[in-house]
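Trainee: Next come the chains, spelled out residue by residue.
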Amino acid sequence: MESTETKTFTLTEEQRYQVNPDFILREIAGEYAIIPVGEESIISNAVMTPNDSAVFLWKAFSEPRTIAEAVNLGATEYDAPADVIREDTMRFVRDTLAYKMLLEVE
Amino acid sequence: MNTWKKPVIEVQKFEANEYVAACFQLACTAMGNDKVPMYGHNGKICNTHSSQYCGNPAHQSLSVANGVLSVKEINASNEVSSTLHTISLSYTDNDRNGVPSVGDAVEWANQADIPGIRNDVVWHHSGKLTAVDTKYPNRS
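If you read the sequences in order, they're chains A and B. The first sequence: position 63 = 63 (my numbering), numbered continuously. The second sequence: position 72 = 72 (my numbering), numbered continuously.
The hints are simulated quantities; they were obtained by calculation from the structure and are not laboratory data.
Below, in silico cross-link-like pairs of lysine-lysine (PhoX-like), each with a Cα-Cα straight-line distance of 20 Å or less:
#: 1; chain 1: A; residue 1: Lys59; chain 2: B; residue 2: Lys5
#: 2; chain 1: B; residue 1: Lys72; chain 2: B; residue 2: Lys128
#: 3; chain 1: A; residue 1: Lys59; chain 2: B; residue 2: Lys6
#: 4; chain 1: B; residue 1: Lys13; chain 2: A; residue 2: Lys100
#: 5; chain 1: A; residue 1: Lys100; chain 2: A; residue 2: Lys59
Produce the complete structure using the sequences and hints provided.
Mentor: Structure, rendered in structure tokens:
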């Protein structure tokens, strides 16, 4: 990702997160791409290719969800320990918040 | 059940060559500037710089293609002019970045070519390059 000054986020159980509408997820020939479309996006002139788990989380946060809700969804979809999904989800949320790809919502 | 992998988003940057297709707007600021010569009509002064015409940044665009500069003139009907021809063009690299960019000064001259009406008028213009879209300084 671009070199930029990133903010450190403190994640809480109650906080809901949602995908920033300035980024759209599209499936192209069986592959997914996240495309920045907003004028204020700090990532521009780029296309992002998420892996399968990232696509799952992106779709999970297409509506406001807490981390716990996303982890529960992941646990029903994937064959992995819940604590692994939780740890990865928290890292995903933290990273995407830093690049304003994910937003904290009410 | 699907196999969980650490979620990763790979970023692929586009490395556009800005200088192959750089494009800027250009407004003439020569109005009332005695240092910019305006002549034509068989030696008569032709003081027709106007904010409605050459003074409108949307009426001239400077493009840079493969290092070659050219000015496109837009006439009062917002069409590419077929009767105004650029006959000289130079720019001053104010920011010394080696290429035309926003803020660089440009001097250019164009000549009217309307058979039977006006073909001896030369306008000397000067102005500074501005972005086509300030939110996207490199947009053409």
